[in-house]
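Participant: Sequence:
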Amino acid sequence: MQPGISIIICCHNSAKELPQTIAHLAAQRVSETISWEVLVIDNASTDATAQVAMSLWPQNPPAPLRVVHEPKLGLINARYCGLAEASYEVLSFIDDDNWVCENWVETVFDVMGAHPEVGACGGQNFPVLEEGAPDWFEEFSRSYAIGAQGPATGGDITWTRGRLFGAGLSIRKKAWQQLVDSGFRSILVGSKGKVLSRGEDFELCYALVLAGWRLWYEPRLQLQHNLPNERLQWTKLRKQHRGTGRAKPILAAYELALQESGVENSIGFYSKFPQNSDGTFRAKSWLQESLAQLRVLIRYRKKVFQSFSKELEGDAQILMIERMLGNMLGLLKQRGNYNKNIDNIRNSQWRKTDFPNSNTAISKEFQNC
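Just so we're aligned, residue 377 is where the sequence shown starts under the working numbering, counting upward by one.
Treat the hints with care, since some could be wrong.
[Stated by the list, open to error] Dumping the calculated DSBU-like pairs for lysine-lysine here, alpha-carbon to alpha-carbon at most 35 Å:
| no. | residue 1 | residue 2 |
| --- | --- | --- |
| 1 | K612 | K392 |
| 2 | K448 | K660 |
| 3 | K678 | K728 |
Hints were generated in silico from the structure; no laboratory data involved. On a predicted model such as this, the values are computed, not experimentally measured, just so you know.
Required output: the full structure, derived from the provided sequences and hints.
Facilitator: What follows is the structure in structure tokens.
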């Protein structure tokens, strides 16, 4: 793996979105000592994504651009394709509607070079909105990978946030390849065309942390996320939250393993597991978890019934209900594999076992980050 940056754009029918994204990459200010490239992963597109990407790149380019076709639909499949095709040691994933700052490549290179213990880093994302954006956008903006991911000064967020947005996620190829070579396989596939699945970026971050790699937030890494009004529809946000809920049974298995590693009070987990008297953690059975979700839905049954016939735009409880419904659907899908997934992650070859043995030690180690 050569020193350098591989910018990877995973695309599905992205011909309309690519012009600004590629223009911002063509305008990068990069030292001549830094090698970099752009890979456009054409993920089962049926439009002119590949042709548009090639036509937009300058004739005297600042770096080579290649289009690679990945026929298997699914964001994680496109990312694995990028892992296999990338020439350089750092993979920087940007979405087809992400406009990166002009020093993006150089900053990623500097951060990952200065911190060899960091397996992945992310930055601060800002929205680009049309006039008439909904009143609720600011409250739910993080659903669109918007905002800071750590303190204003940046630093190590392994034991505080513990995950990074997929938009603008830069990964050390060595770290990801080590996971794959040790048997790691992503369970969550991310969005598949118009199907708004979620969680594949968090799964990868959790796996990197379990393998002993650190996560870093760098506020100098800034990108603009283009969000036209057609993206900011309440019905789409509801579907997105249901997709987030579907991922929860998988992410819970990682969160259990992380809690067992002594970080249960640090990271804002989606799930919490009861602790036994001997200090170990007890995973709920599939039935126990399903009944727990059902009890919450029954508690909000009036709002649940309303949600089927009314939009109730801007109501945070509606999004919570969508996540719960998604969680139930995810549990049904994982019925035969729920405990198997937990055991596989607990006993995986890529999981590190010598974490700090207390949250006190962790907090002291990272209190200046």
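Participant: Taking 35 Å as the top limit, are the C-alpha atoms of K678 and K728 close enough?
Facilitator: Violated - the C-alpha atoms of K728 and K678 are around 45 Å apart, more than 35 Å.
Participant: So if I understand the rule, the pair passes when the alpha-carbon distance is 35 Å or less; does K448 with K660 pass?
Facilitator: 34 Å, holds
Participant: Do the alpha carbons of K612 and K392 lie within 35 Å of each other, as the hint requires?
Facilitator: 20 Å, holds
Of the numbered hints given earlier, the model fails hint 3 alone.
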